[in-house]
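Since chain A is already given, all that's left is putting chain B on it; use the hints.
Taken in order, these protein sequences are the chains called A and B.
Mapping of the first sequence onto the working numbering: residues -2 to 66, in sequence order.
Mapping of the second sequence onto the working numbering: residues 158 to 369, in sequence order.
A hint or two may mislead.
With a cut-off of at most 25 Å between alpha-carbon atoms, the simulated DSS-like pairs for lysine-lysine come out as follows [unchecked claim]: (1) A/Lys62 / B/Lys222; (2) B/Lys280 / A/Lys14; (3) A/Lys62 / B/Lys280; (4) A/Lys32 / A/Lys17; (5) A/Lys60 / B/Lys213; (6) B/Lys213 / A/Lys62; (7) A/Lys17 / B/Lys215; (8) A/Lys26 / B/Lys258; (9) A/Lys14 / B/Lys233; (10) A/Lys42 / A/Lys25; (11) A/Lys32 / A/Lys60; (12) A/Lys17 / A/Lys29; (13) B/Lys280 / B/Lys335; (14) A/Lys60 / B/Lys335; (15) A/Lys14 / A/Lys29; (16) A/Lys17 / B/Lys258.
Calculated directly from the structure, the hints in this document are not laboratory data.
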Amino acid sequence: MAQDNDLADDLIPGSLKRSKSYHQDYGKKTYKEIKGLAAANPPDKRVRQMKKLIEQTQRLQQKGKRRRS
Amino acid sequence: MSKVRSFKLGLSTVSRLWAERDYDAALCEVENLLNDWPGNAHLHILWASLVQLQEKPKHGLEEAKQALQRAIDLEKSSPSGAIELGQFLDAVEDSPQAASKAYSEGVALAREALIEGLVGQAKALHQLDKSEDALRCLLEVLHLMHLGSTRKRGKSENAAPDILFGSQTGQIFALQLKGPFADQVEEILNEVIARRSPRSGAPAAAGRHGGF
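Chain A on its own, in the form it takes in the complex (with noise of 0.2 Å):
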C-alpha cells in the first residue's frame, strides 16, 4: 500500500513512467502532497495524472495478492 510519506517516484514503476501522464517534476513530492494538489480547484491536470499513475499501480499491485487469498 501506498503511504502519504512516499515520494511519487517510488511508487510508480519504470514502465508507467513511460506513460504520457508521467510528469517527472511531480517525482519527488510526496503520495499526500499529490493527493493535497488533485483536490484543489481547479486541480492541475499533471497532479491528477500522477495521482491516476499512482493508483493504477497500487491496484495492480493488489491484485496479485487477491490472487493468492
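Leaving out everything else, chain B in the frame of chain A:
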C-alpha cells in the same frame, strides 16, 4: 503432468511471484503459459498488468493495451478485459471518454452474467420451496434489468409497463421485460408468486402488465 494441472501450477506460481513483487519473474511465467495457451484471455490480462508493473520494462505500454484488446476479442462474453482496458485508458492514457466506453461494455457484460446467475439461483431455490429467497433473487434481477434499460420509452409503453416492482430503498419502478432472459424471468416470477400467494396474500401473478 497433465496440461491442465501444469496450467494451474503455472497460475499459482504467477500469484506467488506477484505477491512477492517479483513482477519480472511473474511475467516470464505468464509468457511460458501463453506459449501453451495463446487463446486464454485471462493470461493476456495478466500479461498486460505485469508489463505495467515492471521497473525495467521490456515491453511498451502500447503492447499492454493491445494485449487487453486481444483479451476482449478472445472472450467476448467476459467483462474482465473491458473493465481492465477501462482502467488502463483512464489511468495510463488519461482518456476518461474512451475509458467510459470500455467500462460501459464491461459493466453490461457483467450485469448480464449476474442476471443469468440470479435467474438460475431463483429457479433452484424455487425447486427447494424457498419462495421468499427466490423472490429476493428475482427482485435483484428486476433491479439489474431496470438499470440496464436505457432506451427511451414511447407513450404506449409508458401506459402499460410489464412489471411494477419496489426496490430495497422503497422506490417503485416500472420495467418492460426484454432481452435474453425476459421469458425466463416472467415464467419463474409467475411460478414463485403463484406458490407464495396463498400464504402471503400477494397477487396471484405478476407477469406482463402485472406487479408485486
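Results for each hint:
1. Distance check on the hinted pair: A/Lys62 and B/Lys222 sit about 22 Å apart at the alpha-carbon level, within 25 Å; holds.
2. Between B/Lys280 and A/Lys14 the CA atoms are separated by roughly 51 Å; this puts the pair beyond 25 Å, and the hint is violated.
3. Restraint check for A/Lys62 and B/Lys280: the C-alpha separation of about 35 Å exceeds 25 Å, so the hint is violated.
4. With a C-alpha separation of about 19 Å, the suggested pairing of A/Lys32 with A/Lys17 holds against the 25 Å cut-off.
5. For the suggested pair A/Lys60 and B/Lys213, the alpha carbons sit about 20 Å apart, so the restraint of at most 25 Å is met.
6. Proposed proximity of B/Lys213 and A/Lys62 is supported: the alpha carbons are some 21 Å apart, at most 25 Å.
7. Distance check on the hinted pair: A/Lys17 and B/Lys215 sit about 18 Å apart at the alpha-carbon level, within 25 Å; holds.
8. In summary, the hint linking A/Lys26 to B/Lys258 is not supported, as the alpha carbons are separated by about 32 Å, beyond the 25 Å threshold.
9. Simply put, A/Lys14 and B/Lys233 have alpha-carbon atoms about 31 Å apart, too far for the 25 Å limit, and the pair is violated.
10. With a C-alpha separation of about 17 Å, the suggested pairing of A/Lys42 with A/Lys25 holds against the 25 Å cut-off.
11. Using a Cα cut-off of 25 Å, the hinted pair A/Lys32 and A/Lys60 holds, with the two alpha carbons roughly 22 Å apart.
12. Restraint check for A/Lys17 and A/Lys29: satisfied, since their Cα atoms lie roughly 22 Å apart, inside the 25 Å limit.
13. Restraint check for B/Lys280 and B/Lys335: the C-alpha separation of about 19 Å stays at or below 25 Å, so the hint holds.
14. For the suggested pair A/Lys60 and B/Lys335, the alpha carbons sit about 36 Å apart, so the restraint of at most 25 Å is broken.
15. This hinted pair checks out: A/Lys14 and A/Lys29 have alpha carbons roughly 19 Å apart, not beyond 25 Å.
16. Between the alpha carbons of A/Lys17 and B/Lys258 the distance comes to roughly 21 Å, so the proposed pair stays at or under 25 Å and holds.
Checked against the numbered hints above, the structure breaks hints 2, 3, 8, 9 and 14 and satisfies the rest.
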